[in-house]
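**Q** In case you want the letters, here they are:
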Amino acid sequence: MADHPNTSLPEDRGYLSEHGFRSWALTMDHKRIGVMYIWTTLGFFVVAGILALLLRLKLLVPGPALFSDHTYNVLFTMHGAMMIFLFIIPAIPSALGNFFIPLLIGCRDVAFPRLNLFSYWIFVAGIAVTVGTLAAPMDTGWTFYTPYSAQTSAAVTALSFGLFLIGMSSILTGLNFIVTIHTMRAPGMGWYRMPLFIWAMYATSVIQVLSTPVIGITFLLLAAERVFGIGFFDPAKGGDPLLFQHFFWFYSHPVVYVMILPAMGIVSEVVPVFARKPIFGYKAIAYSALAIALIGFLVWGHHMFVSGMSTVAGVIFSFLTFFVAVPTGMKIFNWIATLYKGSITFESPMLYALSFIFLFIIGGLTGLFLGALATDVHVHDTYFLVAHFHYTMMGGTVMGLFAGLHYWFPKMTGRMFNETWAKSAWWLVVSGFNVTFFPMFILGMQGMPRRYAEYPAKYQALNVVATVGSWFLALGVIIMFANFIKSLRNGPLAPDNPWRGLTLEWQTTSPPPEENFHEIPTVTDWPYGYGSRNEAPRE
Amino acid sequence: MAAYKIYFVVWGALLVLTAVTVAVSYLNLGLWNATVALAIASLKAGLVALYFMHLRHEIKLVLGFAIFPFLILGLILVGTLVDAIYRF
Ligand code: HEM
Ligand SMILES: [Cu+2]
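Chains A and B supply the protein sequences, listed in that same order. Read in order, the letters of the first sequence are residues 1 to 539 in my numbering. Read in order, the letters of the second sequence are residues 540 to 627 in my numbering.
So here's chain A without its partners, still in its complex pose (with noise of 0.2 Å):
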C-alpha cells in the first residue's frame, strides 16, 4: 500500500453513493442487500456473544451465583437459537454470498432481486417473532425437543411460526442463488472456471432448497400438536417423540453444512491468493463440496444414538457418519497441498484461513469420536459434544467469516482496515478461543454434562480457564469490529486488487458500481494461475 495514505473522500463511491434510509430499505442491489445481511447478521452476533459471556461468567464457579438457574436456562436457550438461527447460517450465504456471488461470476445482480429484497425483510420478520418469544421467555434448548416444547408455557408456537419465516427466507434465497450460478454466468465462464467459492454457495444453495422445508413442516407440526391436540409427538395420542427429533435433525445436520461449506468456499480462494500457487486439486474440492452436501443428508441420526433410536438404525447411521468426513478431508489435504512450496504470505485474511484449516481438522475429527457409536455413548451430551460442535463452527465458519470479511473488506467498503490492529486482534480471538473451549474436550471426557447451571466442584479449575479465555476471545472480536468501524470512516482508500487476486470481483473497482461491472468481463482462464513467472511484483 501507499506510503502517505489518501484518506480524503473520493467523489465515486460506486454503489455506495446514494444516501438515506430508503435507499437501503427497497433497494435492489445485491451488493447493498448483502450488506444490510452482515449488519443484521453480525448485530446478533454480538448480543449472542454477550449472552455467552455472561453464562461462561456464572460457570466461574459451581454453585449458585448471578443468577437463577432457570435464567441460566433461558439465556443458553438465546443464545443457541441465536447464533444458529440469525447469525451462523445466514452469515456467510446471505451476507457474503449475496454480495459476491454475481461479483466472482462477472453478472450484473442475482436472478431475481425483487425476491432478494424480499428474502431480507421476511428475515427480518421471521427475526422480529423469533427474538420476541425467546425473550418471552424461552427454556428448550435451541433443538426444542418434544415433549418438553410441546408441553411448556413458553411460547413455542409463535416461535414457529418466526422460525418458519427465517426458513422461507433461507429457501428464496438459495433458490435465488441456484438460477444465478446456473444463468447469469459471464461469457466464458464454464463451470470448471467457477471459482471455488461459487461451487461452495451452489452445494450450499442446494442443501438449503431442500431441507430447510423439513424444519418449517416440523414446526408446523409441533404448533398443530400443541394448538389442535393433534398427537404427532404425543405417545399417548399414538405419536412418537423421536419423530420430533429425526425431522429436526433431517434439517439441522445438513445445515450445518450449510454452515461450513461457504466458509470452506472462502478458504478456497483465500488460500492461493496468499499463497501465490494455482490451488491444488481444483475438481477435487468442488465436487467434494457436491458430495458433502449429499452425504450431508445421510447421517441425521448420529444425534440420537443414546435417545432410544433402534440399534439397527444407530449402526447404520454411526456407519455412514465416516463417509462425510472422506470429502472433508479431501478439501484439507488439498488446501494444504496448495501451501507447499507456495511464497506464502501472513496477512489477515490469510492467518483466519489458515487458523480455519488448523482448527477444523479439531472439529472434524472429534466429529469423529462422536460418530463412532460406542464412544458417543460416553461422550454425548457432555462438554465434548459442546467442544466438538464449537471448534466446527466458531473454529471453522467463524474463522472463515473473518478471513472473507478481511479479504473483502476493502472490495466492500472501498478502504483498507488497519494490519497491525487486525493482527493483534488475530493473536487474541485464536488463542482465546482455544484457551475457552479446549479445556471442555477435557471436561466431557471427564464426564461433566452440558447445559447444567451447577457443576461438581472437581470440575471446578477447568471451567475457571474456559472463562477466562473467553475474555481474551471478547478483546480480541471487540478490537476487530473497532478496526473496522474505524477504518470504515477513515481507513485509506483501497485499491481496486489489494491481494493481487485473479476472481473477477478484484477487475472492477473498489468499491464497485452499482451495476458491478462498466463491461461484462469475458472469461478466458480459471481463476487460479497464480505464481507464473510475470506476475506483478506486491507493491
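It should be emphasised that the hints constitute simulated quantities derived from the structure, not laboratory data. Every residue gets a Cβ at the ideal spot worked out from N, C-alpha and C, and that includes glycine. Check the hints yourself; a few may be wrong.
[Stated by the list, open to error] Below, a sample of chain A positions facing chain B; criterion: calculated Cβ distance under 10 Å:
1) Leu242
2) His246
3) Val306
4) Ser310
5) Gly314
6) Phe317
7) Val464
[To be verified] Taking CB as the label site, the calculated pair distances span:
8) B:Val587 to A:Gly329: 41 to 51 Å
9) A:Thr311 to B:Ala605: 28 to 38 Å
10) B:Thr574 to A:Leu57: 50 to 60 Å
11) A:Phe322 to B:Met592: 53 to 63 Å
12) B:Ala605 to A:Gly190: 43 to 53 Å
13) B:Thr574 to A:Val315: 24 to 34 Å
14) A:Gly190 to B:Pro608: 25 to 35 Å
Starting from the structure of chain A, add chain B with the ligands where the hints point.
**A** Using the frame of chain A, we list chain B with the ligands on its own:
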C-alpha cells in the same frame, strides 16, 4: 381456443378425482383408507405440476430439480423406518 383445451381437460380430471376422494371416504377400507387418499392426492399433484406448472415441457435440468426432492423424501422415510421397525 384449442391451446387451452388441455387445461380444461386437466381441470375436469382434477374435479373427478376430488369426487372420487369424497366417495371413497364413505367406504371403510381399513389401512387402505389413507393409502387410497394419498395416492389420489399424489396423482392430482402430479397433474398440476405437469400441466399447470408446465413441467411436461421443461428442459431435463428442471425436470431433474423437480424429481430430486422425491429422493430426499425417500431418504427420510427409510431412515425413520429403520428406527421405528427395529425398535424394542
Ligand atoms: C467431519 C464432520 C463432522 C462429523 C463427523 C460430526 C459429527 C457429529 C456428531 C456425531 C454429533 C452428535 C453427538 C452427540 O449428540 O452425542 C455432532 C454434534 C454437533 N455437530 Fe458435528 N460433525 C461434523 C461436523 C460439524 C460441522 C461442520 C458443524 C457446524 C458447522 C457441526 C455442528 C454440530 C453441532 C451444532 C452439534 C450439536 C448439536 C446439539 O446437540 O446441540 N458438526 N456432530
Ligand atoms: Cu450431525
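**Q** Determine for every hint whether it applies to the structure shown.
**A** Outcome of the hint check:
For the restraint placing Leu242 of chain A at the interface with chain B, the shortest Cβ-Cβ distance is roughly 7 Å, inside the 10 Å limit, so the hint holds. With its C-beta approaching chain B no nearer than about 5 Å, His246 of chain A sits inside the 10 Å limit, and its interface hint holds. At its closest, the beta carbon of Val306 of chain A sits 13 Å from a beta carbon of chain B; the interface hint therefore is violated under the 10 Å criterion. Proximity of Ser310 of chain A to chain B holds as hinted, the smallest CB-CB distance being about 4 Å (cut-off 10 Å).
Against a cut-off of 10 Å between C-beta atoms, the interface hint on Gly314 of chain A holds, since the closest Cβ of chain B lies about 9 Å away. Proximity of Phe317 of chain A to chain B holds as hinted, the smallest CB-CB distance being about 8 Å (cut-off 10 Å). The restraint placing Val464 of chain A at the interface with chain B is violated, with a minimum CB-CB distance near 41 Å, outside the 10 Å limit. Judged by the Cβ atoms, the range 41 to 51 Å given for Val587 of chain B and Gly329 of chain A holds: they are separated by roughly 44 Å.
Thr311 of chain A and Ala605 of chain B have their C-beta atoms about 37 Å apart, which keeps the hinted 28 to 38 Å range intact. Hint check: Thr574 of chain B to Leu57 of chain A, Cβ distance near 57 Å, so the stated range 50 to 60 Å holds. Between Phe322 of chain A and Met592 of chain B the Cβ separation comes to about 40 Å, which falls outside the hinted range of 53 to 63 Å. Range check, Ala605 of chain B to Gly190 of chain A: Cβ separation about 25 Å, and the 43 to 53 Å hint is violated.
At about 31 Å, the beta-carbon gap between Thr574 of chain B and Val315 of chain A stays in the expected band of 24 to 34 Å. For Gly190 of chain A paired with Pro608 of chain B, a C-beta distance near 27 Å keeps the hint of 25 to 35 Å intact.
In terms of the numbered hints stated before, the structure departs from hints 3, 7, 11, 12, listed from lowest to highest.
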